[in-house]
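Now for the letters of each chain:
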Amino acid sequence: MAAGLLALPAAAAAQTITFSITQSSISFSDADPDTTPSITAPTVTVNYQVTGNKNGNWLITVISGNDLLSGSTAIPITNVTWTATPAPPFQPGTMSKTIQQTVAAGAGNVSTTRTGTVVFSLANSWSYNVGTYSATFTFTMTAP
Amino acid sequence: MRSRLRRAALIAATAAVSFAPLLLAASRTDTLSVSATIAARAKLTLSSGSMAFADADPDTTPVVSPGGGALTIMAKGRTTVGSTVTLVVLASGDLQSGLDAIPIEQLSWAATGTGFVAGTLSHTAAQTVGTWANSGAWTGTQSYQLANSWTYSTGTYTTTLTYTLTAP
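Sequences listed follow chains D and P, in order.
Residue 1 is where the first sequence starts when you use my numbering, and the numbers rise one by one after that.
Residue 1001 is where the second sequence starts when you use my numbering, and the numbers rise one by one after that.
Among the clues, some could well be false.
Which stretches of chain D does chain P cover? Using the computed rule of at least three CB atoms under 8 Å from a CB of chain P, they are [said to hold, decoys possible]:
(1) 26–33
(2) 82–91
(3) 102–111
(4) 128–142
Partner residues are not named here, just some residues of chain P that face chain D (Cβ under 10 Å, in silico) [claimed, not checked]:
(5) Asp-1030
(6) Thr-1031
(7) Ser-1033
(8) Pro-1066
Hints in this document: simulated from the structure, not taken from any laboratory.
Don't be surprised by glycine CBs; every beta carbon is placed ideally from N, CA and C.
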C-alpha cells in the first residue's frame, strides 16, 4: 500500500502553449444596409504555438461574453460571423455567447509560432437602433 | 496466503493507478474588445416621380385615380430605441393652371402597409403618411384620388408633392 502512495506522480510533462491575439480591439463602422449588407471589421491576427503535444490535439475557440449591447438595446451576437485563414487549420464560423465556437483545430506540435487571420463580419440591418454597441470576445487555445 | 495475495493485488492495483500519467490540459486565453457603431439614417424610395389624372366626366367618374395606379413607398430608418420614424407629404400649392386653381384638398389618398395612414393633401401643413416606432424598413402604397367636379375650369393643372422621412 505504501508503495502505491509513494508512486503518486507529478503531473505529466505538460504541453506548453504560446497564444495571443495581436489586436486588442476591433470595430464595425456604420454603413448603409442597402449598399453594405455585411460590415467587415479589420483583420485579427492569431499567434499560436504548442509543444509537448506530440500525440494530442489542439483547439482554438472563441466565445462572446454577450450580445452586442448599447445600454438595454442589443444586436444578436449570432449576426457576427467570421472567415479565417489558412484553412485548415482555421475555419469559418458564427459567434455564440453560450457555446465555444471552433476557430482552428489541429494535432501534434506546432513547434514554431504560426499565425492565422480572422475577419469578423456583422450582418447589417435597418432594424438596428442607433447606438454604440460593444462585446468582448474571448479566444482560448487548449491542448489536448 | 490468500490474505497476502489480496494485499499484493491491492498494492499492485494502487500502484498501477498511481503511475497512470496525470494529463493536464494546457490552456491560454486572450480577449478582443468589439464595438459597432449604428448611426441615424433615413432612406425613402417612391415608385414614380410623377402621376397624372386624366380628364373624366364628373357624373360617371366622381373620383379620378391616376393613370399609373398606386404609388409604392419604401421607407427605411434608423433611430434611437423608443423614437418614431415619420413620413410626411406637403404640396407646394394648389393644383394650378395659370391663374386657375383646384384646391389641393381635393386630392386625398388611401393607404396600405403597416404604419401607413390615409389622408388629405395640404399646402400649409405637412400631412402624415406613416409613422413607425424604432428602426426598420417598411413598404406601403398610397392610392391618390382627385375629387372630380363640373366647377373645374379647363386646363392642365400641376403641383409638386414633397415627401420627408425623418429618423430622429
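Verification of the supplied hints:
no. : hint     : in the structure
1   : 26–33    : holds (count 7)
2   : 82–91    : violated (count 0)
3   : 102–111  : violated (count 0)
4   : 128–142  : holds (count 15)
5   : Asp-1030 : 4 Å, holds
6   : Thr-1031 : 5 Å, holds
7   : Ser-1033 : 4 Å, holds
8   : Pro-1066 : 27 Å, violated
When held up to the earlier numbered hints, the structure conflicts with 2, 3 and 8 and fits the remainder.
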